[in-house]
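4 protein chains.
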Amino acid sequence: MKEDTWKTAITKVEPNKVCLRGYRIDELMGRITYAQGVFLAIKGELPSEAEAKILDAILVSSVDHGVTPPSCVTARTLASTGNPLNAALAGGILAISRHHGGAIEDSMRVLQEAVRRKGEMNRTSEKMASVIVREYSERHQRLPGFGHRIHTRDPRTVKLFQIASDLGIASEFVEMAKALQDAIEEASGKRLPINVDGAIAAVLCEMDFPPELANAFFVMARIPGLVAHVYEEQTRMRPMRHICSKDHEYDGTPDRKL
Amino acid sequence: MKEDTWKTAITKVEPNKVCLRGYRIDELMGRITYAQGVFLAIKGELPSEAEAKILDAILVSSVDHGVTPPSCVTARTLASTGNPLNAALAGGILAISRHHGGAIEDSMRVLQEAVRRKGEMNRTSEKMASVIVREYSERHQRLPGFGHRIHTRDPRTVKLFQIASDLGIASEFVEMAKALQDAIEEASGKRLPINVDGAIAAVLCEMDFPPELANAFFVMARIPGLVAHVYEEQTRMRPMRHICSKDHEYDGTPDRKL
Amino acid sequence: MKEDTWKTAITKVEPNKVCLRGYRIDELMGRITYAQGVFLAIKGELPSEAEAKILDAILVSSVDHGVTPPSCVTARTLASTGNPLNAALAGGILAISRHHGGAIEDSMRVLQEAVRRKGEMNRTSEKMASVIVREYSERHQRLPGFGHRIHTRDPRTVKLFQIASDLGIASEFVEMAKALQDAIEEASGKRLPINVDGAIAAVLCEMDFPPELANAFFVMARIPGLVAHVYEEQTRMRPMRHICSKDHEYDGTPDRKL
Amino acid sequence: MKEDTWKTAITKVEPNKVCLRGYRIDELMGRITYAQGVFLAIKGELPSEAEAKILDAILVSSVDHGVTPPSCVTARTLASTGNPLNAALAGGILAISRHHGGAIEDSMRVLQEAVRRKGEMNRTSEKMASVIVREYSERHQRLPGFGHRIHTRDPRTVKLFQIASDLGIASEFVEMAKALQDAIEEASGKRLPINVDGAIAAVLCEMDFPPELANAFFVMARIPGLVAHVYEEQTRMRPMRHICSKDHEYDGTPDRKL
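Chains as they are written, first to last, in the working numbering: chain A, 1 to 258; chain B, 1 to 258; chain C, 1 to 258; chain D, 1 to 258.
Note that these hints are calculated values from the structure, not bench results. There could be a bad hint or two in this list.
Same chains, same label: a pair holds when it works inside one copy or across any pair of copies.
When the alpha-carbon atoms are kept at most 30 Å apart in a straight line, the in silico DSBU-like pairs for lysine-lysine are as follows [claimed, not checked]: (1) Lys257 <-> Lys43; (2) Lys178 <-> Lys190; (3) Lys7 <-> Lys17; (4) Lys178 <-> Lys43; (5) Lys190 <-> Lys246; (6) Lys7 <-> Lys178; (7) Lys7 <-> Lys246; (8) Lys178 <-> Lys17; (9) Lys43 <-> Lys7; (10) Lys246 <-> Lys17; (11) Lys127 <-> Lys246.
Kindly generate the complete structure, drawing on both the sequences and the hints.
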């Protein structure tokens, strides 16, 4: 008996044959998108058409957010000291942690608990949201997924919820997120709008992803942005510069329409 | 004069507005796929339909390759000692280096040089390939992008080249890769088929990506696989186990058709 | 008013002058050891002679533990794929996490709480230890810092406690660790000896280091071992090998005496 | 025959016995310092008393250099987003790369080649240094290990060379470093003094360490500084702040004497 024989259910590799979750990779190629591959790898089954579309929208929503996020600062700093791309990306991904992207996971837990309690207690979303906002307020805690340093009405949230609605994906979790937004405003008089983390959280809940994997979606979404920043740093900046993320100006392509 | 004011051409962030390479992110959402977003972020322009499709095929081809690649071993080992997902992924990405995925970049440089010299010397691809294979042989070097530990005819290569051909993307770089494959066989009597790294390299050359960024495509492709492995390790295995990648068995979904 | 002016109390850098916690670095050089520098950097004051000696003993105790620990597997795997030394070390350090080295922090918290409760309840260490062992047993939890995969009597624990005792450093935390060891044996009939993590934890408690920094001492101690392994991997092994940590043999210098 | 049996010459682990390079770890504890352990782990033999002392001086010289180095910026940024200590340290170590600390390795190679060519060509250090400075000047390259952003006369260099001289360790590599400094001044009219990287490089050459491991000494030296910065960030700053390393003030212990 070999003590170390262990099981895996993800990919089977044989000579000239690679099967992901049972499907031949070469059969998947050309027929599914990356977003569908992501869903298949993680969930074990292919997504519906609607799920594939909303997953693409999630991934596109967070491709980049400029030079100020810590993941960008870290990746650029590592590039600036002479690291190869893989190390700069690894550092950028380390930065995607509790306070940077982590709100997606926290928000998923809040929404899951809220919907569960709503069901158990047979309440409306509005009532349940009021209770939860009051609980957080009494504990002097902030609800994750609401408010943004820069955006007072995050355009990504608006669009993600609209797409989710059009696709028939928006259900009780999106409803609860909106109910919480309203309840916060009612309790505090301030509008703390659902930010992109909160919006992604609601949609991931609708697709029944585990909160433990919330971070993965932000990481995947942001990698292309980090690649672009690392490449710009390597090709446009002198090595070992002081990188102060606030002191920058955008000099790229002017605004344009699709 | 502020010494540290610096320029970036990737993303402009204003209150309630985020523009990636000039396009509003919320306008991109729902209209482009992740692969298109990757292309836009890195190249600064949206891909053609054919480029978007082949990029999806590249990303899907390398989503996972089982538990033996060092990126998987590293990510699982880090998960096993109790790391959160981001740190396990960061470690996995560090493993994607010169000898693991790095053949894409090396192969791109070989193909670019081969096609350039072919043009300068006005040779056929066959002639140029023979020269290059002889040069490598004389230097006792292996050409990157040919041969595989497991696959004698990599199904991913076959499919990627077929899709590239159908989309009208396969041109002189794919031709050169095939010419090199033939020249190796002629010179050595052995068939060392183009592996998936070599095939991706040829297609990235066709789309004029810089070799410095080759690694980025393998990293993006493999992240979902690493996420699945980290999650399996966290939910199915006991912490701090000895992970010997060879001693595993696949017990997932049996072979199935799309 | 500059929003971003912030304070640091660690090091002052001026032209031709670097002061660590108030002392000129060039004045420290040649007069203090690395261990004293570690203490000064972290605590802000130089250690007593006894503290400096026990800190050296802690750092030497964990310089290396062969090829099986996950930090070594990770660092060697990263070296094997072609990473430079810094990336291989970074990966090794990521592996030093909750289940690998993390017992030092957990054990410090147990010992601190045990000593605090003992004081509050005016008990002997023996009585307090019995209570705690029973509590853990009832919660079906294992006390961190006891037992080892390989060692039934960890030689490093024995020596560290002896040195701590000789230096007058061993006091109520070392006493509590030993009391817990005895209480475990009494309750279960099994001897689960204090392991090196538990022993280091007790001594760090005696020197009043915060548990949050426990991991730092293991990281610092293990770096030279990881450096040696990375260098051995780079100079002695072929790239991209399957690394199964169990299948190794030692072929170094035979046993010798100081 | 097991394909994967492999050899290691660093540490032998048996039940209740751990031997580093042949010596029992518990016998080493209390009798050698960390610096001696570093030397033993890496070189396989214990250092002389002089080598142990100069190694301590090297490690102390680079314990910290304030908040502006990229390793500190990276570690603090990662701490600021909520990472645990090990991940923040891993990121800091990634930053210690070609342009940050990497000059030690580059400078070791320059010094080794200079001393070798001096021997082969039977020149004085002065003559050899003039030739090398001219070669670099003609190639428009900078010699690594000379000049500093802040220090015009690096106090750490002065002290390290003095200690090396007192201990009888300074020999032909230190002589060559000084000859290069003079030759630069003669050729350019500017004094570009040996910086701490160049000084460490010369002393590591005297002890016959391979240049490939140069980075290891900077990493080990800087870890305690990074630990102090991560802890200060975690305990004194709010999460997710913009970290601009220039906008800081020192508010720690005032200057004091040993």
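Hints the structure fails to honour: The structure breaks hints 6, 11; every other hint is satisfied.
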